[in-house]
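Listed here are the chains, written in short residue letters.
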Amino acid sequence: MKIGVVTFPGTLDDRDAARAVRHAGGESVALWHNDADLHGVDAVILPGGFSYGDYLRCGAISRFSPVMEPIIKAAQGGMPLLGICNGFQVLAEAHLIPGALTRNHELHFLCRDQKISIENTNTAWTSSFTQGQEIVIPLKNGEGAYMCDDQTLAMLEGEGRIIARYVGENPNGSRNLIAGITNERGNIVGLMPHPEHAIDSLTGPSADGLGFFTSVLKAMVK
Amino acid sequence: MAKIVVDVMLKPEILDPQGKAVAAALPRLGFTFAKDVRQGKRFEIEVDGEPTAAQLADVEKAAEKLLSNPVIENFTVRVEK
Amino acid sequence: MALDTVAHAQSNPDTTQPFAELGLKPDEYARIKEILGRRPTSSELAMYSVMWSEHCSYKSSKVHLKQFGDKAVKTDALLVGIGENAGVVDVGQGYAVTFKIESHNHPSFIEPYQGAATGVGGIVRDILTMGARPIAVMDPLRFGPADAADTRRVLPGIIAGVGGYGNCLGLPNIGGEVVFDQTYLGNPLVNALCVGVMKHSDIKLAKAAGAGNLVVLYGAKTGGDGIGGVSVLASETFESKGPAKRPAVQVGDPFVEKVLIECSLEIFAEDLVVGIQDLGGAGLSCATSELASGGSGGMKVQLDKVPLRDPSLSPEEILMSESQERMCAIVEPSKIARFLEICEKWDVTVTVIGEVTDGNHLEITWNGELIVDVPPRTVAHDGPVYNRPLAQPAYIDVVAKEVINVPIPSTAEEIKATVLKLAATPNLADKSWVTDQYDRYVQGNSIQSQPDDSGMVRIDEKTHLGVAIATDANANWSYLNPYEGAKLALAEAARNIATAGAKPLAVTNCLNFGSPEDPGVMWQFAESVRGLADGCLEMGLPVTGGNVSFYNQTGAVAILPTPVIGVLGVIDDVRTRTPMSFDRAGLDLYLLGETENHLAGSEWAYMHNQRGGVAPIADLQREMRLIELLVVGRTKKIFTAAHDLSQGGLSATLTEMVLRYNTGATVQLENVGLALLSETPGRVVVAIDPSQTAALTSEAASQKIALTKIGSTGGDSLVINDAKISLTELRTAHTETFPRLFG
Numbered sequence: 001m002k003i004g005v006v007t008f009p010g011t012l013d014d015r016d017a018a019r020a021v022r023h024a025g026g027e028s029v030a031l032w033h034n035d036a037d038l039h040g041v042d043a044v045i046l047p048g049g050f051s052y053g054d055y056l057r058c059g060a061i062s063r064f065s066p067v068m069e070p071i072i073k074a075a076q077g078g079m080p081l082l083g084i085c086n087g088f089q090v091l092a093e094a095h096l097i098p099g100a101l102t103r104n105h106e107l108h109f110l111c112r113d114q115k116i117s118i119e120n121t122n123t124a125w126t127s128s129f130t131q132g133q134e135i136v137i138p139l140k141n142g143e144g145a146y147m148c149d150d151q152t153l154a155m156l157e158g159e160g161r162i163i164a165r166y167v168g169e170n171p172n173g174s175r176n177l178i179a180g181i182t183n184e185r186g187n188i189v190g191l192m193p194h195p196e197h198a199i200d201s202l203t204g205p206s207a208d209g210l211g212f213f214t215s216v217l218k219a220m221v222k
Numbered sequence: 001m002a003k004i005v006v007d008v009m010l011k012p013e014i015l016d017p018q019g020k021a022v023a024a025a026l027p028r029l030g031f032t033f034a035k036d037v038r039q040g041k042r043f044e045i046e047v048d049g050e051p052t053a054a055q056l057a058d059v060e061k062a063a064e065k066l067l068s069n070p071v072i073e074n075f076t077v078r079v080e081k
Numbered sequence: 001m002a003l004d005t006v007a008h009a010q011s012n013p014d015t016t017q018p019f020a021e022l023g024l025k026p027d028e029y030a031r032i033k034e035i036l037g038r039r040p041t042s043s044e045l046a047m048y049s050v051m052w053s054e055h056c057s058y059k060s061s062k063v064h065l066k067q068f069g070d071k072a073v074k075t076d077a078l079l080v081g082i083g084e085n086a087g088v089v090d091v092g093q094g095y096a097v098t099f100k101i102e103s104h105n106h107p108s109f110i111e112p113y114q115g116a117a118t119g120v121g122g123i124v125r126d127i128l129t130m131g132a133r134p135i136a137v138m139d140p141l142r143f144g145p146a147d148a149a150d151t152r153r154v155l156p157g158i159i160a161g162v163g164g165y166g167n168c169l170g171l172p173n174i175g176g177e178v179v180f181d182q183t184y185l186g187n188p189l190v191n192a193l194c195v196g197v198m199k200h201s202d203i204k205l206a207k208a209a210g211a212g213n214l215v216v217l218y219g220a221k222t223g224g225d226g227i228g229g230v231s232v233l234a235s236e237t238f239e240s241k242g243p244a245k246r247p248a249v250q251v252g253d254p255f256v257e258k259v260l261i262e263c264s265l266e267i268f269a270e271d272l273v274v275g276i277q278d279l280g281g282a283g284l285s286c287a288t289s290e291l292a293s294g295g296s297g298g299m300k301v302q303l304d305k306v307p308l309r310d311p312s313l314s315p316e317e318i319l320m321s322e323s324q325e326r327m328c329a330i331v332e333p334s335k336i337a338r339f340l341e342i343c344e345k346w347d348v349t350v351t352v353i354g355e356v357t358d359g360n361h362l363e364i365t366w367n368g369e370l371i372v373d374v375p376p377r378t379v380a381h382d383g384p385v386y387n388r389p390l391a392q393p394a395y396i397d398v399v400a401k402e403v404i405n406v407p408i409p410s411t412a413e414e415i416k417a418t419v420l421k422l423a424a425t426p427n428l429a430d431k432s433w434v435t436d437q438y439d440r441y442v443q444g445n446s447i448q449s450q451p452d453d454s455g456m457v458r459i460d461e462k463t464h465l466g467v468a469i470a471t472d473a474n475a476n477w478s479y480l481n482p483y484e485g486a487k488l489a490l491a492e493a494a495r496n497i498a499t500a501g502a503k504p505l506a507v508t509n510c511l512n513f514g515s516p517e518d519p520g521v522m523w524q525f526a527e528s529v530r531g532l533a534d535g536c537l538e539m540g541l542p543v544t545g546g547n548v549s550f551y552n553q554t555g556a557v558a559i560l561p562t563p564v565i566g567v568l569g570v571i572d573d574v575r576t577r578t579p580m581s582f583d584r585a586g587l588d589l590y591l592l593g594e595t596e597n598h599l600a601g602s603e604w605a606y607m608h609n610q611r612g613g614v615a616p617i618a619d620l621q622r623e624m625r626l627i628e629l630l631v632v633g634r635t636k637k638i639f640t641a642a643h644d645l646s647q648g649g650l651s652a653t654l655t656e657m658v659l660r661y662n663t664g665a666t667v668q669l670e671n672v673g674l675a676l677l678s679e680t681p682g683r684v685v686v687a688i689d690p691s692q693t694a695a696l697t698s699e700a701a702s703q704k705i706a707l708t709k710i711g712s713t714g715g716d717s718l719v720i721n722d723a724k725i726s727l728t729e730l731r732t733a734h735t736e737t738f739p740r741l742f743g
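Protein sequences appear in the order of chains A, B and C.
Taking this note's numbering, the leading residue of the first sequence gets 1, the next gets one more, and so forth.
Taking this note's numbering, the leading residue of the second sequence gets 1, the next gets one more, and so forth.
Taking this note's numbering, the leading residue of the third sequence gets 1, the next gets one more, and so forth.
Okay, derived cross-link-like pairs now, SDA-like style, lysine to any residue, Cα gap no bigger than 20 Å in a straight line:
1) B:LYS20 / C:PRO739
2) C:LYS345 / A:SER65
3) C:LYS431 / A:HIS108
4) B:LYS20 / A:ASN170
5) C:LYS345 / A:ALA30
6) C:LYS709 / C:ASP689
7) B:LYS11 / A:LEU153
8) B:LYS65 / A:TYR55
9) B:LYS61 / A:LEU56
10) C:LYS59 / C:GLY23
11) A:LYS115 / C:SER432
12) C:LYS345 / A:PRO66
13) C:LYS462 / A:GLU27
14) B:LYS65 / A:PRO98
15) B:LYS11 / A:ARG175
16) C:LYS421 / C:SER717
17) B:LYS20 / A:LEU110
18) B:LYS61 / A:SER65
19) B:LYS11 / A:THR152
20) B:LYS35 / B:ALA25
21) B:LYS11 / A:ASP149
22) C:LYS462 / A:ALA207
23) C:LYS431 / A:ARG112
24) C:LYS503 / C:GLU699
25) B:LYS65 / A:LEU96
26) C:LYS431 / A:LEU110
27) B:LYS20 / C:ALA160
28) B:LYS65 / A:SER65
29) B:LYS20 / A:HIS105
30) B:LYS81 / B:MET1
31) C:LYS704 / C:GLU594
32) C:LYS221 / A:TYR55
33) B:LYS41 / A:HIS105
34) B:LYS65 / A:LEU56
35) C:LYS345 / A:LEU38
36) B:LYS65 / A:ILE72
37) B:LYS65 / A:PRO66
38) B:LYS20 / C:ARG152
39) B:LYS20 / C:PHE742
I should point out that these hints are in silico values taken from the structure, not numbers from a laboratory.
Just so you know, these numbers come straight off a predicted model, no measurement behind them.
Build the full structure now, drawing on both the sequences and the hints.
Pasting the structure below:
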């Protein structure tokens, strides 16, 4: 049960994502942006950070990295793929999921313990949760406002492809309080908040984040 | 030396908080002319000699693929002396 | 275009040189000629002028800072002391921790975002240069009054800069301070602290040892950042090439620094460097002269090899450039290939610019011509040493006579109004507006951050070994009595480490003062250093390094003396730390330490425009017994919570405790007004389970710390005698101040 964690130049939360994988009982494999080889992993995580310094647009340069080619191919074939924060931005830039992430509506970087509700438990990354379950995990970003056109929004809502929504006040201006979405197949998930920072209450607000990682390990067993 | 200029702006329907912040700051400095402000990006591309039609066509493709995010942004390409 | 080479200087001894514009005094210029046996070239003049400036040479402070070495406590825990880029202490289990605090005050006034950002960048590189992975940052910040126009100009940019740079580096911000005071209007203080961790064997020093070893410059390309006055030289030897493009402000790129960190750590892990230095103030001038004087003694550098962002820079400008994110390493020839490979992997610009030599010459050439030939020690270490005149200022005796006359609440309405007023005042109000702009989670090891008493980071995932850091200053007390003020700030920072149950281990300091040319300021500085040195000796805490920032003043008005003291402590298991507050009812609340009338220098007195009086006298023996009680109490699991008292006294402490986990408290206080407002040092509020009563009483008695039961936890209000303040109302008052002021 090997989960690849990609490091782009400027990636920050790769070691934390790897730790979360280990805590969930999996084996993490470090994947280098310049290496177009997935080394036999069963799933991939694109972690948070400021890859390429957020130059041009967040994730805009990372999406063209050599490692993205095999990732895109494998994901299109059903491999579970999770993009967290900057990773979500890369998935959007690579058009693996619709929409785009833009500047927080209040223009500040915001780090807070955020309550979200899990609204789709049929994806590779959310099956450990129950429908409507509310969890608290850290949100920390400056460009987390999810934007898409009305047509896309209607489609996402209609097909239940919004996997997580912010509970309470909208922290960043995302349309319809969207905190995470999935593709049609349910193997690719983009999530703005950081589950890898909520794996125990010693270092985070809760252990609620582990569910994302245990989900994919279950999915891979099947 | 001529250069190719690509201007990238957020699509009109996308919220532009930075533009809004600028619009709010102007009157604080005594400038009352602005009805609205939107903020974008400008790329200046230097080529050898005068830009050719083929180069311009390539710039359009590059603008579509890299310089802008077509999901939320529009762009224009022109040559500036 | 005449290049001012050594040969040219020798054959043109009478050339007039703009030494005064570069900040050198006539006797300093004469000394340089004496050292070299000729007039300096313009490049040499530039080097000496910057390296002998106050900022780089510490010429006004050296004679006083000597005390940190002279009065240093002998301790095996200190692995690297003052003199290197940062101090290093042994924290057990083979780990060494390096930490340091620095200032970037003036740049932040000019360009708040970049000033603060590059301040963070600079201190992080100092830590990296010791061989450590940086693991956290803290930012003690001081501004003019919260509602002043200039505060609204600088504060948002500074916060954004600290966050923007630190977040992008992947460093959690685990604490800091935000203090408002009239004295900092026009002179904001931006102090940045960084802490890093490594194994003992990883420690790197800034020395160029081994003749034949290569001098390697890597990181960002060099541009015209921070050149400032050196342009005077540029126009001397070169024709001007169009509009001025010499920015005085340094601009940082945290992405480049993040990559630099990862690249450097890989290089260190493979043991590829003999010595290393980061390029900060005075850029290459500093790095080359310090590396050379720390090592074999000599160095040859080909300046034209330095990769440039701006090809029009003159040699003088290249030597002075303060372009960020650059490092200088000394590498053995057998290891250079691997060094270059790692730089290529991370896409980091890298160039061999010279080699180490024996002897006493730092020789720099430009396209084959010798433009610098100096003894490196004379540049880096043997700068002028001033013994500036000092004199106790007249105000000291005048303000000491001031009698504090502030309203002291006694009725329920007055108590409630006072507590709410303090909760809402900018210095004591909730700072989430600030700290929510900082990532506190990255690296997954943050145990404590704002608003806890100290920042705490786990450094070993298996053993749960951790370190705690706190910074404190009290300019009010330092103003009234600089000697005691420094001791009191030291005690407060150490106490803030101890409330969580960590053991204080070492000290860093950032000394922010006015002009050293003012004998009164110089006296404040000398007294503060004396107090800190004496305090550190008495408390057994070595000073590992620090920073001096002079000239914080507007016209003739200096800022209040503001020595910021940082204390680092260690805790064997972060899981057993004592939290700052409680989340359940039924616990007993005790006040450790006696309360006396210490309204002079208090927040309440400041709010009523009274700054005079007599500062408390530090009782460090008692402070040490209190620290021992807190540390032992943690190991014996006596405390459920412990929180320090400082600005805002007991009122602020109780407010912060009940709001932390939304659990109320009921307390009964004698002499309630004074009890709430006095800022007597050496006090802590603790919460214990009633079953621990005997244990607490016994430990407090054995440490001879006064113990007073003040009440118990529970409910949805803060009840003080007859006054009842709902947590909702208290929270509103506490949390609406910053959003209202800064949007």
